[in-house]
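**Q** Here are the chains, one letter per residue:
Number of protein chains: 2
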Amino acid sequence: MSSLSVFRDVPQAQKLEGSLLKIYRQDEYSAKLFLAYRVCMSDDGQPWVSLVVHKTRQQIAQDPSLNYEYLPLLGMKSFIQASLELLFGKHSPAIAEKRVGGVQTVGESGAFQLGAQFLKMWRKNLKVVCIISCQKEHYGLIFQDMGFTVYEYSIWNPKDLCSDPCLFFEVIEHIPDGSILVIGNIIDCRFTQEQSVKLMSTIKNKEIFPFFDIPCQGLSTGDLEEDTRLLQHFVSLGFEFFCSQSLSKNFGIYDEGVGILAVAALSNQHLLCVLSQMMNYVQALWQNPPSTGARVITTILCNRALFGEWKHNLKSVVENIMLIKEKVKEKLRLLGTPGSWNHITQQSGAHGYLGLNYQQVEFLVKKKHIYIPKNSRINFSCINAKNIDYITQSIHEAVMSTEG
Amino acid sequence: MSSLSVFRDVPQAQKLEGSLLKIYRQDEYSAKLFLAYRVCMSDDGQPWVSLVVHKTRQQIAQDPSLNYEYLPLLGMKSFIQASLELLFGKHSPAIAEKRVGGVQTVGESGAFQLGAQFLKMWRKNLKVVCIISCQKEHYGLIFQDMGFTVYEYSIWNPKDLCSDPCLFFEVIEHIPDGSILVIGNIIDCRFTQEQSVKLMSTIKNKEIFPFFDIPCQGLSTGDLEEDTRLLQHFVSLGFEFFCSQSLSKNFGIYDEGVGILAVAALSNQHLLCVLSQMMNYVQALWQNPPSTGARVITTILCNRALFGEWKHNLKSVVENIMLIKEKVKEKLRLLGTPGSWNHITQQSGAHGYLGLNYQQVEFLVKKKHIYIPKNSRINFSCINAKNIDYITQSIHEAVMSTEG
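Sequences listed follow chains V and S, in order.
What the first sequence shows, in my numbering, is residues 1008 to 1411, in sequence order.
What the second sequence shows, in my numbering, is residues 1008 to 1411, in sequence order.
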């Protein structure tokens, strides 16, 4: 063989993310802490798993009536139906009218990959993608790699320490007509009635195509319906849109990365055309989606007792997170840390901004070995009885170090 | 809302495949038969599942030591290692030299999707893809959609009723230098020593990039090593190539569509560069691959007893298929059907050409409700004690109806 490799021009790729985790892992300090895991953690510092998932997995493995045949290209029908009902409500008129449907997708990226491929082919005039979220989202790169021009906006207002509807409006008023608007998990952005009307009319008039991201329904407020409020509003007004619904995090089956790409269309006829085109993309992407995750979730969603148990699990997790947040706030108050810390408990879900500046974040990482992102958005479920004192004391010192 | 749908220009997509199955399903004749399923069937007409898979699934569901965390982007390390050892042999020098590696892929298409994306980006001079196989392969469309010029060739010689090495040479001698050559499951194409040398030198001199497809290792000859003979030869001579190894069919876990994209490079350094780039594509495609299929397979491959049982399962399946083929041949002989039917038993694996012409195929489909593809390549595992007499009698009549 020639000694020239076919791959001689291929360089080592730069790691796209996880550098903070990498630095954390290299840190040899024994009391180091990482507060930026993307999933909910249990008290014991392990990723949270809904208890009902454990027994459902066992039940499925022992079920002799199941076969292991290929799933259809679009996925397991009962799973898609159950997922749609979770997203839009069991008695959703849009489901009854058969103008919403879905495709089972793989992993955390699958729905965006599929949706982006479709939009690239069939909405050639949509060239701009705007992503509105509380954090850097991984799917920006998916759109970018496909040739879209991608703009990313955070609606966290670091001055007022809140998710700010005004920042949202600033974005949609300035983006080009016909853009794709990816709406991340912005549950804390509370629109007034008036703002809501304005939002809908701007999106309609500018022919903006909404693409929702529902990454962990139920894990924000603890209430499944409350977590999809904005989406419900869009569907009730007859909007057409895509929605990525990931079901890995709220069931705690991270290893089975499963979800759907939901499609809302004006009519069943349009929906069927869209789904039929998506079938071709699925055939090229993975052909037949894997079944385990879909089976576990369908079993739970379609059984009243298991469903109740799961909802209860979700509620407990969120209550526990709120309790941690309350404790953090209280401890900072007792330490006399300058500033109001109400924004901690005003944010819902596991992730929230501490509201620290870059210097303070640096202090925590460098001096205290507490690894948090530059924007100070941490995962509160990483805080537990064992580390809360060290964390709050460190935050106190960080704030004091930059005061006055 | 405006009554104009965003999706108004999206037409219903044409079904790409499965039309024969669709016609079969619409046929109301009670004794209709479909002999073109893509997976191995058991005697009872159900997709074959290795028995050892059943108990491994249960064992995994009950294992309290497993967590459900995200798999790494490239997949489960132990699974990739076990898959590579299956493909290249446990004591493969290429594995020891760390110049082969792999990425866990999803479904039947994942490895081709990933490999094609990589080649499109990093081997921009490779514009032509030639697919050599015994059948129409679904991945032709994947390359085509990415802008490659795709040529597909069958090496079945309908006159001599065999997989013909000369047809193989005709292809590689005429394709442009630097083409990508997808080598399908062509186990029956037996090269002489001399042909083998010529094959390697042609591929080397024309800088052809081989992309192997190993869709069901062990289910062709019943011998895991024999089924990857050609691949072994390439790796031993230091070639660089890609290989899609699907592990759904040979374990009978069709619903978990799992496999790897194996990469053979000149050195570990080149390999690491290639894998690091692939990580970026994976992140966009599905981010974290699902674990169930990988776990089941790894458990079996890494346990001597389970591995032995699985190998025995494979051997039985293939022996059973050979027995069916022998019976079909014998029955046609007893019926006095004109022609030699040795080609039936000369082909390995579940799928094989009956060697009928288009008119004869038409006769079977239209008059006998026996659904087989136009090229007469059927799945012999669909034939069992209940239907063999009807099938052979029908083949006899088909041949007689077109005899001079």
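No lab work stands behind these hints: they were computed from the structure.
All figures in this text were calculated on a predicted structure; none of them were measured in a lab.
Accuracy of the hints is not assured; some may be wrong.
Heads up, the list lumps identical chains together, so a pair's fine if it works in one copy or across two of them.
Restricting the straight-line Cα-Cα distance to at most 25 Å, the calculated cross-link-like pairs of lysine to any residue (SDA-like) are [as the list claims (entries may be wrong)]:
id, residue 1, residue 2
1, Lys1205, Gly1052
2, Lys1039, Lys1134
3, Lys1084, Pro1054
4, Lys1143, Ser1283
5, Lys1029, Tyr1077
6, Lys1127, Met1286
7, Lys1375, Asn1310
8, Lys1134, Asp1230
9, Lys1062, Tyr1158
10, Lys1105, Asn1364
11, Lys1131, Ser1274
12, Lys1211, Lys1373
13, Lys1211, Pro1071
14, Lys1381, Thr1344
15, Lys1375, Ile1210
16, Lys1213, Thr1228
17, Lys1127, Asn1394
**Q** Does each hint fit the structure? Answer for all of them.
**A** Here is how each hint holds up against the structure:
1. Lys1205 <-> Gly1052: neither (43 Å within a copy, 60 Å between copies)
2. Lys1039 <-> Lys1134: neither (44 Å within a copy, 51 Å between copies)
3. Lys1084 <-> Pro1054: The answer is between: 20 Å across copies meets 25 Å, while 29 Å in one copy does not.
4. Lys1143 <-> Ser1283: between (32 Å within a copy, 22 Å between copies)
5. Lys1029 <-> Tyr1077: between (38 Å within a copy, 16 Å between copies)
6. Lys1127 <-> Met1286: Classified as both: same-chain Cα gap 15 Å, cross-chain 23 Å, threshold 25 Å.
7. Lys1375 <-> Asn1310: neither (47 Å within a copy, 45 Å between copies)
8. Lys1134 <-> Asp1230: neither (35 Å within a copy, 52 Å between copies)
9. Lys1062 <-> Tyr1158: neither (43 Å within a copy, 50 Å between copies)
10. Lys1105 <-> Asn1364: neither (48 Å within a copy, 46 Å between copies)
11. Lys1131 <-> Ser1274: So Lys1131 and Ser1274 pass the 25 Å test inside one copy only (22 Å; across, 42 Å).
12. Lys1211 <-> Lys1373: neither (48 Å within a copy, 54 Å between copies)
13. Lys1211 <-> Pro1071: Neither way: Lys1211 and Pro1071 sit 51 Å apart in one copy and 51 Å across, limit 25 Å.
14. Lys1381 <-> Thr1344: within (20 Å within a copy, 79 Å between copies)
15. Lys1375 <-> Ile1210: Intra 45 Å, inter 59 Å, cutoff 25 Å: neither.
16. Lys1213 <-> Thr1228: Neither: 31 Å inside a chain and 62 Å across chains, both beyond 25 Å.
17. Lys1127 <-> Asn1394: neither (47 Å within a copy, 49 Å between copies)
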